[in-house]
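A.B. asks: Residue strings, one per chain:
2 protein chains.
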Amino acid sequence: MAKEKKFVEAITSMDEDFAQWYTDIVKKAELADYSGVRGCMVIRPYGYAIWENIQRELDRMFKETGHENVYMPMFIPESLLNKEKEHVEGFAPEVAWVTHGGSEELTERLCVRPTSETLFCDHWSKTVQSYNDLPKLYNQWCSVVRWEKTTRPFLRTAEFLWQEGHTIHATEKEAEEETVRMLNVYATLAEEFLAIPVVKGQKTDKEKFAGASATYTIEALMHDGKALQAGTSHNFGDNFAKAFDIQFTDKDGKLKYVYETSWGMSTRIMGAIIMVHGDDSGLVLPPKVAPIQVVIIPISQHVEGVVGKANEIKDRISKIARVKMDTSDKMPGWKFNEYEMKGVPVRLEIGPKDIEKNQVVLVRRDTREKTFVSLDEIETKLPELLEDIQKSLYDKAKSVREEKTYKAADIEELKELAENKPGFIKAMWCGDRECEDKIKEVAGTTSRCMPFEQEKVSDTCVCCGKKAEKMVYWGKAY
Amino acid sequence: MAKEKKFVEAITSMDEDFAQWYTDIVKKAELADYSGVRGCMVIRPYGYAIWENIQRELDRMFKETGHENVYMPMFIPESLLNKEKEHVEGFAPEVAWVTHGGSEELTERLCVRPTSETLFCDHWSKTVQSYNDLPKLYNQWCSVVRWEKTTRPFLRTAEFLWQEGHTIHATEKEAEEETVRMLNVYATLAEEFLAIPVVKGQKTDKEKFAGASATYTIEALMHDGKALQAGTSHNFGDNFAKAFDIQFTDKDGKLKYVYETSWGMSTRIMGAIIMVHGDDSGLVLPPKVAPIQVVIIPISQHVEGVVGKANEIKDRISKIARVKMDTSDKMPGWKFNEYEMKGVPVRLEIGPKDIEKNQVVLVRRDTREKTFVSLDEIETKLPELLEDIQKSLYDKAKSVREEKTYKAADIEELKELAENKPGFIKAMWCGDRECEDKIKEVAGTTSRCMPFEQEKVSDTCVCCGKKAEKMVYWGKAY
Ligand SMILES: [Zn+2]
Ligand SMILES: [Zn+2]
Numbered sequence: 000m001a002k003e004k005k006f007v008e009a010i011t012s013m014d015e016d017f018a019q020w021y022t023d024i025v026k027k028a029e030l031a032d033y034s035g036v037r038g039c040m041v042i043r044p045y046g047y048a049i050w051e052n053i054q055r056e057l058d059r060m061f062k063e064t065g066h067e068n069v070y071m072p073m074f075i076p077e078s079l080l081n082k083e084k085e086h087v088e089g090f091a092p093e094v095a096w097v098t099h100g101g102s103e104e105l106t107e108r109l110c111v112r113p114t115s116e117t118l119f120c121d122h123w124s125k126t127v128q129s130y131n132d133l134p135k136l137y138n139q140w141c142s143v144v145r146w147e148k149t150t151r152p153f154l155r156t157a158e159f160l161w162q163e164g165h166t167i168h169a170t171e172k173e174a175e176e177e178t179v180r181m182l183n184v185y186a187t188l189a190e191e192f193l194a195i196p197v198v199k200g201q202k203t204d205k206e207k208f209a210g211a212s213a214t215y216t217i218e219a220l221m222h223d224g225k226a227l228q229a230g231t232s233h234n235f236g237d238n239f240a241k242a243f244d245i246q247f248t249d250k251d252g253k254l255k256y257v258y259e260t261s262w263g264m265s266t267r268i269m270g271a272i273i274m275v276h277g278d279d280s281g282l283v284l285p286p287k288v289a290p291i292q293v294v295i296i297p298i299s300q301h302v303e304g305v306v307g308k309a310n311e312i313k314d315r316i317s318k319i320a321r322v323k324m325d326t327s328d329k330m331p332g333w334k335f336n337e338y339e340m341k342g343v344p345v346r347l348e349i350g351p352k353d354i355e356k357n358q359v360v361l362v363r364r365d366t367r368e369k370t371f372v373s374l375d376e377i378e379t380k381l382p383e384l385l386e387d388i389q390k391s392l393y394d395k396a397k398s399v400r401e402e403k404t405y406k407a408a409d410i411e412e413l414k415e416l417a418e419n420k421p422g423f424i425k426a427m428w429c430g431d432r433e434c435e436d437k438i439k440e441v442a443g444t445t446s447r448c449m450p451f452e453q454e455k456v457s458d459t460c461v462c463c464g465k466k467a468e469k470m471v472y473w474g475k476a477y
Numbered sequence: 000m001a002k003e004k005k006f007v008e009a010i011t012s013m014d015e016d017f018a019q020w021y022t023d024i025v026k027k028a029e030l031a032d033y034s035g036v037r038g039c040m041v042i043r044p045y046g047y048a049i050w051e052n053i054q055r056e057l058d059r060m061f062k063e064t065g066h067e068n069v070y071m072p073m074f075i076p077e078s079l080l081n082k083e084k085e086h087v088e089g090f091a092p093e094v095a096w097v098t099h100g101g102s103e104e105l106t107e108r109l110c111v112r113p114t115s116e117t118l119f120c121d122h123w124s125k126t127v128q129s130y131n132d133l134p135k136l137y138n139q140w141c142s143v144v145r146w147e148k149t150t151r152p153f154l155r156t157a158e159f160l161w162q163e164g165h166t167i168h169a170t171e172k173e174a175e176e177e178t179v180r181m182l183n184v185y186a187t188l189a190e191e192f193l194a195i196p197v198v199k200g201q202k203t204d205k206e207k208f209a210g211a212s213a214t215y216t217i218e219a220l221m222h223d224g225k226a227l228q229a230g231t232s233h234n235f236g237d238n239f240a241k242a243f244d245i246q247f248t249d250k251d252g253k254l255k256y257v258y259e260t261s262w263g264m265s266t267r268i269m270g271a272i273i274m275v276h277g278d279d280s281g282l283v284l285p286p287k288v289a290p291i292q293v294v295i296i297p298i299s300q301h302v303e304g305v306v307g308k309a310n311e312i313k314d315r316i317s318k319i320a321r322v323k324m325d326t327s328d329k330m331p332g333w334k335f336n337e338y339e340m341k342g343v344p345v346r347l348e349i350g351p352k353d354i355e356k357n358q359v360v361l362v363r364r365d366t367r368e369k370t371f372v373s374l375d376e377i378e379t380k381l382p383e384l385l386e387d388i389q390k391s392l393y394d395k396a397k398s399v400r401e402e403k404t405y406k407a408a409d410i411e412e413l414k415e416l417a418e419n420k421p422g423f424i425k426a427m428w429c430g431d432r433e434c435e436d437k438i439k440e441v442a443g444t445t446s447r448c449m450p451f452e453q454e455k456v457s458d459t460c461v462c463c464g465k466k467a468e469k470m471v472y473w474g475k476a477y
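From first to last, the protein sequence lines are chains L and W. Everything in the first sequence is counted per numbering that gives the first Met the number 0, starting at 0 for the first residue and increasing by one. Everything in the second sequence is counted per numbering that gives the first Met the number 0, starting at 0 for the first residue and increasing by one.
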C-alpha cells in the first residue's frame, strides 16, 4: 500500500497548484515529455493515441463535408511570406529561419511554416483558372513552428501538430458559409466527441488572425476559470487573393478574385481535455476519445480460472469497445491508480467471487461509482455505461462553466470579477479598440469572443459608458 | 475529338523519353506539382489519397505487430546529431540548418530532421530503466528534409513524407528479429497491396545506413530497368545505445545496453507505383491502393433514366468498392482518357442500350478488356474483376522483372549488360569494398542487395576472380 499511496501523492492537487497539477498529469499519464529541443515536446504513445482518435474523427467530418487532404512544403521562402502585409507582420516575429542547406548559405532564407496560407495561395495562383476549378476544399495534417518564448506541453509549444484547412470559393457568400460550417465542425468535435462545451463567436478585430477579415472561434472554459481557444476559422475575403493574384474566369466571362478561408485545430485541444475533465487522481477521458475505454483487471489472478475467464470477457468486449487487460504482476490497487491516472473511463474487475456469481464489477472513472453487472448483460450494460459517462462529463463541464460565467455592468465590477472569480465575464462593448485595450490594462482580461448567441447584459459599454454594440465574453486565457 | 486527342498526345511515350513520361504522369494525373520552394513538392489531392491508402495499410500492419505511434520534435540540436559519429558524417552534409528564431540568433544551430534516430535515443536515454520497459516499439509519421542537389517529384525531393519506426530491445536476437519482421511488412505491402514484386536482401557495408550494423532492403525494378529501393530496415546493434548511453537493468540485476532498430518507407514508393505499372496512357493503379476503384461514366446521359440508373448502380457499388460517378458535361471519350490517365482500375459504362439489356460495360484499365455484365451479377463480378486486376498487375510486373534480370560471370559481361540491358544483374562478389567500387567505376552499377535467397551464379567474384562470398544484385538505381 505504501507504493500505491506514493503513486497518488505524487500528483499535486488542483487547488494547491493548478499549473503543477497540469504538468504532473502530462508526465504521469505519459502523454508527453520534454525533449532536448527548446520548446518542443515528445508526444508519447498514450498521448498520441488520443490525438489519433481526434484526427480520425475530424478527418471523417472534413471528408464528409467534401474536403480533400493535400501536403504543402514545410518551408516558406521569405519573399512569399512577405506578400500579404498583415500576415507577415503577425508571424515574422515568431518564425524559425533556415539559412543553410548542408554547408551552403541559402540565397534566400526559408521560414519553417507557422501556418500555410501563403503556400496554398502560391499553388492556387498557378493552378486555378476557371469557375470550374472552384471551390477548392483542402486540408493538411502537419506540424508547424512558432518560436514562443515560454512554453507548456500541448498549450504552447514551439512546434505543434495540427490540421489546417484552406479553401477558395467563387463568391464571398460561399466563403462565409464555409467559415461558419467549419467552426461548427469544431464545435461538434468539442462537444460531442470530447464532451467539452464551447462558446461559438467572432473575434474582435484586435484578436483576429493576421490577414483575416473575420475570425470565428470556439472558446472553452478550463477548471481554473481560464479560457482556452479550442479552434478557429477565418474568412479572408479577397485579401490574400489580391496579394497573390488568384483570379478565375467566372461564368460571365469576367476575371474575378477568389474568396478564401482557413481553419485550424491543434494538439492544444489535448490541454483542454486535461483541464476540463481531469481531477486530483489524474486524467479523465470521455469514452469516445479514450484509447482504452475499458481496462480489465483480474482480481486474485493466480487463482485458477480467473485469467481464463477474464480473457473470455476481453474477447467479448473487444467487439464493442476498445479494451485492454492488465495481467502484470503489480498489485490490483496499484493498477487501479495507474488507469485512473490515465483516465480510462471504465475499470472492469473480475475475481473468483465474481465468477461464482456470474458477474463483473464495473467502476466508472468519473464518479467512481461501482456496479455489479451480470455477465449475461455485459453487451448491453457496458455501452450504456460508456454513453452515460460521455454525457455526464459534458453535463458536468457545462454546469461548471455556467457557474463560472459572470456578468459585469461596469468596469469596476469587471475588474472585481476578474480578480476574484476566475471565469468568463459577459459584458457589453461599444466596439472601440480603446475600450478593449483599457479592459485588458485594468482587469487583465482579453475579449474571448462576441458570441453568436447575443444577449443584453446592459445598454452601455462596460468601459466607456457609450452605447453598446456587442455583448462580449471576457476572460484570462491560455 | 480534337480535344481528346490533344489530351493523350500531351504525354510523352515511355520509350521515347522515360524521364519525361514520368514527369508527365505526375503532373497530368494530378499527383503532385512543383512548389516555389526549391526541391519541395505540393502533393495534390489525388496523389495524397494514394499516400493515405498506403499509410492506412502500413499503419494497420504496424499496430498488428505491436507498434505504437509517437511524435518527436522536427528539430535536432547540432550537439545531439553529433553524438553518433558515422551517423552525423552520413547526414550532416545534406541537412537544413535553422539558425534564427524570430529575430534572434540561436545559441546552437538546429537541423531539420533528416531522420530521427538521435531524438528517439535521447528520449529513451531519459525514460528507459529496467527490462520491464522493453521492448519499445515506436513509429512516427512525419516529413523529413535532406538537402538534395537534384530533385524529382516523389523520387528525390528536399522534403518528403515517410514513416520511421524506431525500436529498442533487451537482446541482439530480438532486435535482429524485429529488423527482419519489419522488412517483411514492407515486402508484404509492396507485393500484396501495391502489386510490386521485390527482392529482399541485405545491403553491403558500403550501401548501408549511416550508423547501422546491418541494413535490409526491398528492391523493385522499374519499367526502364532501373532499380528503386522501396523500403529499408536497419539493425543498429548497440551502436547508438553506447553513443547515447541507453542502459537498462536486466533481470539478472546487471546494467546492459539496449539493441536498436529503425525502418522507413517514404513517398518514394509513389514513384515505384508509377514506374512499375504505368503505361503510355498514364497511371495504372492496383485496385487495393486506388482512391477510385471504379468510375461510372453514363453514356448519352441526357437521355431520361440514364443518370438515375447510374446513380442506383453507384449506390450498390459503393457498398463493395470505392466508386466515383462523372456526370460532368465533358464528352465520354474525354472522360475515358481522364480516368485512364488517373489509373482508375475499372471503368463502368452504362447507356440506354445497356439499360435495355439490363447490363453494364466494364472496361479494365490494365488490358482495356471490355466485358458485359448483367446488372444482377454486378456484386459478384466486380470484386472478382478487381481481384483479377490486382493479381495480373503483380504477375505482369514480376515477369517484366524476370525478363530484365541477367547473370554475369565476369566484369566484361557485367559491363556489357549494364550498358545494353537495363535491369538487375546477378553476379558473385568476394565481399571486398574495392571490387564493389571498381564495379561501379567500370559498369556504373551499384550493389542493390545481397538477396536472402542466394544462388550460385559462378564460383568466383565477378570482379577480382577470388573466391565468391555472396551473390549480389547489381543495377543502376533511382
Ligand atoms: Zn467603450
Ligand atoms: Zn572481388
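Note that these hints are calculated values from the structure, not bench results. Glycine included, C-beta positions come from ideal geometry on N, C-alpha and C. Careful: at least some of the hints might be erroneous.
Within a straight-line C-alpha distance of at most 30 Å, the following computed BS3-like cross-link-like pairs (lysine-lysine) qualify [unchecked claim]:
id : chain 1 : residue 1 : chain 2 : residue 2
1  : W       : 253       : L       : 62
2  : L       : 62        : W       : 380
3  : W       : 255       : L       : 250
4  : L       : 26        : W       : 125
5  : L       : 253       : W       : 334
6  : W       : 329       : L       : 253
7  : L       : 62        : W       : 308
8  : L       : 125       : W       : 27
9  : L       : 26        : W       : 287
10 : L       : 27        : W       : 205
11 : L       : 26        : W       : 26
12 : L       : 26        : W       : 334
13 : W       : 253       : L       : 27
14 : L       : 148       : W       : 329
15 : W       : 287       : L       : 27
16 : L       : 62        : W       : 241
17 : L       : 62        : W       : 172
18 : W       : 255       : L       : 334
19 : W       : 62        : L       : 323
20 : L       : 323       : W       : 172
21 : L       : 250       : W       : 27
22 : L       : 172       : W       : 329
23 : W       : 318       : L       : 334
24 : W       : 380       : L       : 313
25 : W       : 26        : L       : 82
26 : L       : 414       : L       : 27
27 : L       : 62        : W       : 125
28 : W       : 253       : L       : 253
29 : L       : 403       : L       : 380
30 : L       : 26        : W       : 308
31 : W       : 241       : L       : 334
Calculated Cβ distances over 12 Å to all of chain W for the following chain L residues [to be verified]:
id : residue
32 : 29
33 : 72
34 : 73
35 : 201
36 : 303
37 : 315
38 : 352
39 : 367
40 : 415
A.B. asks: Against each hint, give a clear statement of whether it holds in the structure.
C.D. replies: We went through each hint and held it up to the structure:
{"no.": "1", "hint": "W:253 with L:62", "in the structure": "violated (53 Å)"}
{"no.": "2", "hint": "L:62 with W:380", "in the structure": "holds (29 Å)"}
{"no.": "3", "hint": "W:255 with L:250", "in the structure": "violated (72 Å)"}
{"no.": "4", "hint": "L:26 with W:125", "in the structure": "holds (13 Å)"}
{"no.": "5", "hint": "L:253 with W:334", "in the structure": "holds (27 Å)"}
{"no.": "6", "hint": "W:329 with L:253", "in the structure": "holds (22 Å)"}
{"no.": "7", "hint": "L:62 with W:308", "in the structure": "holds (26 Å)"}
{"no.": "8", "hint": "L:125 with W:27", "in the structure": "holds (15 Å)"}
{"no.": "9", "hint": "L:26 with W:287", "in the structure": "violated (41 Å)"}
{"no.": "10", "hint": "L:27 with W:205", "in the structure": "violated (44 Å)"}
{"no.": "11", "hint": "L:26 with W:26", "in the structure": "violated (46 Å)"}
{"no.": "12", "hint": "L:26 with W:334", "in the structure": "violated (55 Å)"}
{"no.": "13", "hint": "W:253 with L:27", "in the structure": "holds (27 Å)"}
{"no.": "14", "hint": "L:148 with W:329", "in the structure": "violated (55 Å)"}
{"no.": "15", "hint": "W:287 with L:27", "in the structure": "violated (41 Å)"}
{"no.": "16", "hint": "L:62 with W:241", "in the structure": "violated (47 Å)"}
{"no.": "17", "hint": "L:62 with W:172", "in the structure": "violated (44 Å)"}
{"no.": "18", "hint": "W:255 with L:334", "in the structure": "holds (28 Å)"}
{"no.": "19", "hint": "W:62 with L:323", "in the structure": "holds (14 Å)"}
{"no.": "20", "hint": "L:323 with W:172", "in the structure": "holds (28 Å)"}
{"no.": "21", "hint": "L:250 with W:27", "in the structure": "holds (25 Å)"}
{"no.": "22", "hint": "L:172 with W:329", "in the structure": "holds (28 Å)"}
{"no.": "23", "hint": "W:318 with L:334", "in the structure": "violated (43 Å)"}
{"no.": "24", "hint": "W:380 with L:313", "in the structure": "violated (38 Å)"}
{"no.": "25", "hint": "W:26 with L:82", "in the structure": "holds (27 Å)"}
{"no.": "26", "hint": "L:414 with L:27", "in the structure": "violated (37 Å)"}
{"no.": "27", "hint": "L:62 with W:125", "in the structure": "violated (40 Å)"}
{"no.": "28", "hint": "W:253 with L:253", "in the structure": "violated (78 Å)"}
{"no.": "29", "hint": "L:403 with L:380", "in the structure": "violated (34 Å)"}
{"no.": "30", "hint": "L:26 with W:308", "in the structure": "violated (58 Å)"}
{"no.": "31", "hint": "W:241 with L:334", "in the structure": "violated (34 Å)"}
{"no.": "32", "hint": "29", "in the structure": "violated (9 Å)"}
{"no.": "33", "hint": "72", "in the structure": "violated (4 Å)"}
{"no.": "34", "hint": "73", "in the structure": "violated (6 Å)"}
{"no.": "35", "hint": "201", "in the structure": "holds (29 Å)"}
{"no.": "36", "hint": "303", "in the structure": "holds (26 Å)"}
{"no.": "37", "hint": "315", "in the structure": "holds (21 Å)"}
{"no.": "38", "hint": "352", "in the structure": "holds (30 Å)"}
{"no.": "39", "hint": "367", "in the structure": "holds (28 Å)"}
{"no.": "40", "hint": "415", "in the structure": "holds (37 Å)"}
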